[in-house]
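Engineer: The listed protein sequences derive, respectively, from chains A and B. For the first sequence, our numbering assigns the number 100 to the initial residue and increments by one for each residue that follows. For the second sequence, our numbering assigns the number 100 to the initial residue and increments by one for each residue that follows.
Each pair may be met inside one copy or between any two copies, as identical chains are not told apart.
Straight-line distance between alpha carbons at most 20 Å, and here's what the computed SDA-like set of lysine to any residue pairs gives: (1) K225 / R152; (2) K297 / L251; (3) K223 / E259; (4) K333 / I405; (5) K225 / E125; (6) K401 / R325; (7) K113 / G359; (8) K225 / D137; (9) K225 / Q130; (10) K225 / Y126; (11) K113 / G163; (12) K138 / L231; (13) K258 / G308; (14) K223 / M136; (15) K225 / E141; (16) K133 / K225; (17) K333 / P321; (18) K333 / V291.
Just so you know, the hints here were simulated from the structure itself, not pulled from any lab data.
Next come the chains, spelled out residue by residue.
Protein chains: 2
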Amino acid sequence: MSFDRLHQLIRKTKNPTVAGLDARLEYIPPQLVKECMDKHGENLEGAAAAVLRYNMALLDALQGIVPAVKPQAAYYELLGWPGVKAMHDTIQYAHDKGFYVIADVKRGDIGSTAQAYAEGWLGKSKVGEQALSAFDADCVTINGYMGSDAILPFLDLAKEEDKGVFLLVKTSNPSSGELQDMVAGDRQVYTVMADLCKRLGAGTEGECGYQTLGAVVGATYPAELRELRRRMEKTFFLVPGYGAQGGTAQDVAGAFDRYGWGAIINSSRGILCAWQKAENGAERFQDAARAAAEAMRDDIKKYVTIV
Amino acid sequence: MSFDRLHQLIRKTKNPTVAGLDARLEYIPPQLVKECMDKHGENLEGAAAAVLRYNMALLDALQGIVPAVKPQAAYYELLGWPGVKAMHDTIQYAHDKGFYVIADVKRGDIGSTAQAYAEGWLGKSKVGEQALSAFDADCVTINGYMGSDAILPFLDLAKEEDKGVFLLVKTSNPSSGELQDMVAGDRQVYTVMADLCKRLGAGTEGECGYQTLGAVVGATYPAELRELRRRMEKTFFLVPGYGAQGGTAQDVAGAFDRYGWGAIINSSRGILCAWQKAENGAERFQDAARAAAEAMRDDIKKYVTIV
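Chain A on its own, in the form it takes in the complex (with noise of 0.2 Å):
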């Protein structure tokens, strides 16, 4: 339960990463735009195809190299429904290949709300008498700005499911202090979500020793990173912002336990856009993410050791 698959998944491929896919239009080599939209025409029907087109060619080119990937769903969302619907067929591809699937939706909102939004994305809507699932997602990331109402419809259906969700700690971006590191009392408001995360989690943890309630905590505040892993030792991280944001390998390397467990870090841009900086680079693409995808794992590993 809980994390365990994306666990087993990381130690199989010995890369605690996860590749981001968040593809706009101009990080999609330009042939493979024009075939999509000479085929559906100048319209979000044809940027959904390029997309859909696209991901499923990084997903063929980063099997068995990266244990998960994490589709962003503004990118989907910018191409209006036919751009959700690519982010449906992404997902399910995604399952065909053996990667496990976090949605990075950051959905935040309260009781009946919040349960839609999790039989939606982790669960199954009720139609009937059928049970259909609309995303089918491993697994979401969440905002509990409104607090726990926000967050316990999704661990609980997590649990259900045998899923997994991301509650957002401490954000890798500038402005993320703003709110997050107040100091009310003896605690910042991260750590005060933290505590939360940790206290609602408390038993879920699955073989893996984690629990089903992980943690988004940026790669860009490495001393807040070491803090909170040693704060919440059974949490699992997913560290966004290594690379284009300034995050190093060094700096990733304190999310992790002392078995090189319960971190994953993502890339975006630096494996989806790796074309951009390559010889030959749009017509040998897949070559270039792979590599990419390659040099982050092995980047890591001088840090990071996964038993």
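Since the structure of chain A is already known, use the hints to place chain B on it.
Structural biologist: Just chain B now, kept in the frame of chain A:
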């Protein structure tokens, strides 16, 4: 600019309320559901067709009475991409009928990701030479836990596109205090969010005097609501929590300025599910919805006079 159009619609209808369009299948009269399932099958398409059909009938019934509607994304995502298409079609139909549309998406992300959400929900998606609307809402709700990086991309686009944004400040749910009421220095976290809202919105006042960046403040905390009204004189309030959650007309009165301006009160199930309590409600669901909307308007009118 800013909330001027919403303000004018409120003054025209003399009704500072917004109808939530949060349809789950069980909120829809069974004959509509059956008709759509018979046509499309007992699947996500059939369910999404029933939701759209119900929304269109509600919009017909509420036209001229309620100035604005607020589809809640969770209930559409619950039905996968066909549901998201139904949300898109609902927004379009609401515009045809002259409603102001608040997309209740509570998105919270940063930088280029927030930009993609903003372009998708409020702006245009660039596809080749085309600039296409993905959802084209008039306004979105957002979550600022990640700081101003999660707010500015929406606000900047809203300014350009003459649209609006509501930032979560103090939410209506029971556990909202877990984070939002923490006291840091001389201010609660929600007050810090309020001050951030006010500061980032400064200079974006429309003719109605209100800024392009509004705030979500729950009806269930009337003391905080009055305090925030005083603190944020130029901030338009979206107020959930009236009715089912326990907020009364007297409670929400504190959201308005002395002219009865500057706030809009949400009701979702009170209007959506009114047919369930009415005689022959399933057949006369439009009458039931209209009567509930009028009753809510008249209830608030006891405490608030719109100049």
